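*Asks:* Going down the list, the sequences are from chains C and X.
Each residue of the first sequence is one higher than the one before, counting from 37 in the working numbering.
Each residue of the second sequence is one higher than the one before, counting from 95 in the working numbering.
Calculated directly from the structure, the hints in this document are not laboratory data.
Note that the coordinates shown come from a computational prediction; the quantities given were computed from them, not determined experimentally.
Using N, Cα and C, we set each Cβ at its ideal position, and we do this for glycine too.
It cannot be assumed that every hint is accurate.
Here are some of the chain C residues that sit facing chain X, going by a computed Cβ distance under 8 Å [what the hints assert, rightly or not]:
id, residue
1, Met37
2, Ile50
3, Trp79
4, Gly135
5, Leu144
6, Ser145
7, Gly153
8, Ala158
9, Val174
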Amino acid sequence: MFPLGIEPYLVGGIIIGVGVGLIYLLTGLHATQSSFFTTTLSWFSKRKHFQKEANVKERSWRLTLATGLVIGALIYTLTLSPTGFWTTSVQVWRLFLGGLLVGFGTRLSRGCTSGHGISGLASLSKTSLYAVIVFMGVAIVTANIVQMLGVAP
Amino acid sequence: MNKRNIVVLLGGILFGFGLSYSGMTKQEIVLSFLQLEDLGLIFVLGGAALVAAFAINVLAKYQKKPVLGGEFKPRRRILSWNIIIGAVIFGVGWGISGQCPGSAVASLGTGNLPVLVGIAAMFIGAYIREFLDS
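Chain C with its partners taken away, still in its complex shape (with noise of 0.2 Å):
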């Protein structure tokens, strides 16, 4: 069952813990991933619903975040890393057909991994853990079958 461990999940999951919480105490945010497209896209689409007041006034914010998730991933990177610098054998076809899932199904559950997994369930957010026993059911069926089809990794 952890073929890995359980050190690396553990220990990683507490410094995303520790970042969203010091997040959360001095700025009253939830750092989140999914609502950055949509606040990303309101710099590009002059469309009245990217313009709206709530996505203008958190752009600036979420774009910081995104950029600290890189940051820190590259500080991992070049430190701690075994392994270094890394790229996916996922083939393209697939990053990019779950990308557009991912990105449309997200806003429209409005939250995400982090959102409804870190943030919602942090807050004891019912929502959130319908949520996410539905995304994660779906997601672990969905990759038997595409493993079931022959595909790799």
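Once you have looked at the hints, place chain X on chain C.
*Replies:* Chain X only, in chain C's frame:
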């Protein structure tokens, strides 16, 4: 950069460091969880949610207001069909690709450039959703 964004940047750096430390920036590791071969992801999500829950439900109660001003508001959403249907669609995408929004963005910092295709697709997906909503 204002104080708030500096805090967000520092917290985001921790977030990205934790995501890569736990292997979540590798789509293969996420897929091995979804294929039920390595259940470690539960500890990432559980560990992060527990620490965040302590901040939101315990520390914030003592502190009363965020240090930089504003109000504490737990993240709550009213349950709707959109939330459940969206979760189904997100689940299919996650299961196909092993990518979710945060881990995909952080993955760029590990030099994983193919994931740019996934991130571009997420923008397109989000655009279509908001377009249909308007």
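*Asks:* What hints, given by number in increasing order, does this structure fail?
*Replies:* 3
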